[in-house]
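Using my numbering, the letters of the sequence shown map in sequence onto residues 1 to 103.
Honestly, the hints are just simulated from the structure, not real lab data.
Please note that a few of the clues may not be correct.
[What the hints assert, rightly or not] Computed list of lysine to aspartate or glutamate pairs in EDC-like fashion (alpha-carbon distance at most 16 Å, straight line): (1) K20 with E43; (2) K15 with D59; (3) K28 with D42; (4) K63 with E48; (5) K28 with D102; (6) K20 with D42; (7) K63 with D42; (8) K63 with D49; (9) K58 with D72; (10) K63 with D84; (11) K58 with D84; (12) K28 with D49; (13) K20 with D84; (14) K63 with E43; (15) K28 with E43; (16) K93 with D12.
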Amino acid sequence: MMGGFVAIASADELKPAQMKRVVVDGRKLLLCNSNGTHYVVDEMCSHEDYSLYLGCIKDGRIKCSLHGSYFDLATGAPTCDPADTPIRTYPVKIEDGQVWVDV
């Protein structure tokens, strides 16, 4: 596929602090709702290749449940140890009642 925005969920599907696994172009992604704002990030933690789906969302960050690293959902930057490599983030838009991501 040549990139561009793809619909991945209805805009009201996720409540705040919920997430959903999605696969787009073979990429394992997480759609996250933090305080009503939608974000899409790579599913796997950059520290130990562990699924962030098993973690939790709080105040614009996602926590990896394996070692406790937090990542900023907007930038992907790690906000505490042990992770020191960002996770990838993707552009998101809400349009026609759908959440769209550009991979």
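**Request:** Please write out, lowest number first, the hints stated earlier that are contradicted by the structure.
**Result:** 11 and 13
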